[in-house]
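Student: Listed below, chain by chain, are the residues.
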Amino acid sequence: MVVECQGLSKHFGRTVALNNLTFSIKKNAITGLVGANGAGKTTLLKILAGYLRKTAGEVRVFGERPFNSLKVAANTIFIDDNLALPATLSIAEILEAGRLFYPGWDHGLARRLFDYFSFNPRQLHKNLSKGKRSTFNMILGLSARSVLTIFDEPTVGMDAAVRKDFYRALLQDYLQHPRTIIISSHLLKEIEDILEEILLLREGQKRLQLSASALREYALGLRGEEALVKRFIAGREVYRREHFGKNSLFVVLRNSFSAAERHKARAAGLEIMAVSAEDLCVYLTSKGGRGIDDVFNRN
Amino acid sequence: MVIFATDHGKPIYLQLAEWLEKEILSGNIAADERIYSQYQLAEMFNINPATAARGLNILVDEEILYKKRGLGMFLSPGAVAMIKKRRRKQNLERLVRELVEEARLLNISRAELGELIRGAHRGEKGEKQ
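Line order of the protein sequences matches chains V and W.
By my numbering, the letter at position 97 of the first sequence is numbered 1113, and the numbering carries on one by one without gaps.
By my numbering, the letter at position 8 of the second sequence is numbered 73, and the numbering carries on one by one without gaps.
A couple of the hints might just be wrong.
[Unchecked claim] Distance condition first, Cα-Cα at most 30 Å in a straight line; then the derived DSSO-like pairs of lysine-lysine:
1) Lys1280(V) x Lys150(W)
2) Lys1042(V) x Lys150(W)
3) Lys132(W) x Lys75(W)
4) Lys132(W) x Lys1043(V)
5) Lys1205(V) x Lys75(W)
6) Lys1222(V) x Lys75(W)
7) Lys87(W) x Lys1205(V)
8) Lys75(W) x Lys1246(V)
[To be verified] From the derived model, a few chain V residues whose C-beta atoms are all more than 10 Å from chain W:
9) Leu1068
10) Lys1148
11) Ala1176
No lab work stands behind these hints, which were simulated from the structure alone.
Just so it is clear, CB atoms sit at the ideal spot from N, CA and C, and this is done for glycine as well.
The following block holds chain W by itself, in its conformation from the complex:
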């Protein structure tokens, strides 16, 4: 029988694009600052530079990065806002939908769900004592 972990089949260039987004979101790269080159990324993650380039190009296509000929790729001034907006749409809204569906299945009221979320915000454990 074959069982696949959900993440281990994920293409490396997508994982790399996500990692770069996290770096940008956490403020490690400033606006108009040069981002890692494909060769630096290849060395850091032990991957082929062509794969690294593919990861970078995802962010170029989304205009999170811009290219300067011969100089490399740089962070667009509006990058953080763009990433947040897309992630909100792609990730957060989907997660909330799944959360609400699961709560419905378990007959958890809106108030209880709200309390769970507030608890998670405060850093409490999900399980009740």
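If we strip away everything but chain V, and leave its shape as in the complex, we get:
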């Protein structure tokens, strides 16, 4: 395990950003950190990278407390939208600096990506557009080949083509040089395929951690006549509930029905549907299972 947290909490004044988190992250796996805005993703990643100090609990990265740890700093790269890079250096000079700074740096890869994305070597980092800046930061993140590579919302501002290229490049480089990678995103759909593990946060707490390949089977949707649906789901935790039509109900819940129960449900006239990973994540990470329709339903 590269990362281990036990009861980890972080407070900012009265605000609880992380609340009693316990989880670990596997070595040489790509883990996706998913949650709504404000769920605590960035705070968690900054604690792991050693940028922030925890308030309570335990956190270990490479077996050490990351805050003020030389070992963690030397083996970790943290890429986000607010990378503090020297304002006077051109982006070509920043790549040169990366070569000196990161022991695993692959300058050939850095140059090839730099050319592929048609960067002007003389440009200053602060003058890059939002999308170009994210793309450049991604080049730093991949070329550094850090043992622990953290991307916090890496595709902000990138267009669809560059986003695709980024995830392809990430996977290709990972296949050739396996390492521990953590990516946060609220767009699960675009990272789902390349993930091995998923950690879902909701309001600073762990909602779920599971293998990415299991996510699509984790839940199912049931739709049908309200009374019938209700009878079927009695005593089970419902992640999402939507009314529509004349007394019809759609619910999403844990896929824990036996084949016999499923057959019975179908025979009774209920529709059983797969729930996409992305939809499930939205349901699991929304506050108290509420949806936007609840704002408009005042009856």
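For this one, chain V is given, so just place chain W on it according to the hints.
Tutor: Showing chain W alone in chain V's frame:
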């Protein structure tokens, strides 16, 4: 309202296992030949290698593939027959049952249904002129 396409929620490792079966059925891999590694599949389909491994392991569990330590996975000599047998049971028999139920619902006679199937075999369109 939420509407789900029937296939888009299907786990990737299951889709991958089906794709591999199609490759095997179409004769692209010979008996005792090495099959794609999890890393090759990951690269081909842009998926995590752990997911690819899960797809391969389905076929190992069914003994369609066998492992040689350190060398990879290979196609079992009886693989094609095994896949055909299971698919016949799992897919074809279910499809035929559904077909017959639908025909009953539409009051289509056995003879008419037989003619439809023969027509499909000859490559005709389902609709009558």
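Student: Next, verify each hint and record whether it holds.
Tutor: Checked hints:
1. Lys1280(V) x Lys150(W): holds, 28 Å
2. Lys1042(V) x Lys150(W): violated, 39 Å
3. Lys132(W) x Lys75(W): holds, 26 Å
4. Lys132(W) x Lys1043(V): Status holds; Cα separation ~25 Å.
5. Lys1205(V) x Lys75(W): holds, 14 Å
6. Lys1222(V) x Lys75(W): holds, 25 Å
7. Lys87(W) x Lys1205(V): holds, 26 Å
8. Lys75(W) x Lys1246(V): holds, 26 Å
9. Leu1068: Per Cβ check, Leu1068(V) is outside 10 Å of chain W; nearest 29 Å; holds.
10. Lys1148: holds, 24 Å
11. Ala1176: holds, 15 Å
In this structure, only the earlier hint numbered 2 is contradicted, and the remaining ones agree with it.
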